Structure formats: C-alpha cells, structure tokens
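Use the sequences and the hints to build the structure in full.
Per my numbering, the very first residue in the sequence shown carries number 1315; after that it's consecutive.
No lab work stands behind these hints, which were simulated from the structure alone.
Distance ranges between label pairs, derived from CB positions: (1) Ala1430 to Ala1509: 19 to 27 Å; (2) Val1433 to Val1510: 18 to 26 Å; (3) Thr1341 to Ser1506: 31 to 39 Å.
All figures in this text were calculated on a predicted structure; none of them were measured in a lab. The beta carbon of each residue, even a glycine, is placed where N, CA and C say it ideally should be.
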Amino acid sequence: MFDARLRPLIDPPLNRLGRILAGWGVTANTLTFAGLALGLGGAAAIAFGQFALGLALILVNRLFDGLDGAVARVHGPTALGGYFDIVADFAFYVSIPLAFGLFDPANTQAALVLVASFVLTGVSFLAFAVIAAERGAETTAHGKKSFFYSTGLAEGGETIAVFTAFALLPAWFVPIAYGYAGLCLLTVFQRSALAVIQFRD
1315 MFDARLRPLI DPPLNRLGRI LAGWGVTANT LTFAGLALGL GGAAAIAFGQ FALGLALILV
1375 NRLFDGLDGA VARVHGPTAL GGYFDIVADF AFYVSIPLAF GLFDPANTQA ALVLVASFVL
1435 TGVSFLAFAV IAAERGAETT AHGKKSFFYS TGLAEGGETI AVFTAFALLP AWFVPIAYGY
1495 AGLCLLTVFQ RSALAVIQFR D
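Shown next, in the form of structure tokens:
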C-alpha cells in the first residue's frame, strides 16, 4: 500500500549507493544471496529469543534487498536476477513468523496462519504478474522491475513494519499476526477483483 509512495524517497540514495557498489564489481545476485543469509540469520536469532539482533538483521536484509535492485538497474535487470530476488524475498518473509513459532509454541497457530496468508498473497501476486506480462502490461509504480508488480494493501513496507512490531513487542505476536494475516487475505481479494476488471476477455 505504501511501497509506491516510498519509492521516490528511498530510490535516490539507494541508486547512488548501487552505482558505487556496481563500480566495485559487486553483483546484484551477490547482494540478493547475502541479504537472504542475513535475513535467515535474523530469523534464527529470533528463534533463540535474541529479538534486538533479529530486528537488526531484518533491517539489514531489507537494505540489501533495495541495493540488489539498485545494482541491477546499473547493469540492466535480468530474468534470473528477478527470479532469485522474489524467491529470496518469500523465503525471508516466511522465516520470520516461523521463527516466532519456534521461539514459543504458544505462537505456533498464529505463525502458521500468517505463513498461509503469505503463501496466498504470493500466489496472487505471481499469478497476476504472469498474466499481466502475457498481455503486455507494464508499471513503474514500484520502480523498474524484471516483471509486473501489482499493488496491494499488504506489501513490503507493511510487512517490515509488522516484523518490527513483532521484534519490539514479542508478547503481542499472536494478535498482530492474526491481524496482518487478515490484511493479507484482503489483499488477495483486492488483487482478484483487479484481475476480474483487467483480465476479463
């Protein structure tokens, strides 16, 4: 919901740093995999109750996620890079609720519901992208991407805000997780309604 509005603020500094990193020979895929490793490290820290460390690694993961795109824009995005980026994103996203479920069995049911909502959101996102690409649709609302990004109520910015709340308020994991799972499901319905409008033959 907020990602497209944040892009004009975060893209200029990311692009400047991306040009520097590209000049040093750093590749976008290297940043993608390094960011994934850091994000999974954050999940592991949370699973052991190290919430401050987990949050720090989550935020660094998101920085790397922005930088891999900035570096890719220097050399030109690739299909393989786009594939690695989205797989790394969803691996990271599901790891955080999983970590809270491992930390405290009382969180398990809410964590499973949130992961399921992430799966449904991801399926709707990718299905929309595939069909939009077949129809030649394009958008730059989220910056230049290797495939079509459809807007939704629950996007990256909202997810990171929720993960931050989890780490700062771990005792509130269950209600926050259920609430955000509901927002993810609303996103699926929203995207499906948009598909009905745009993909009707």
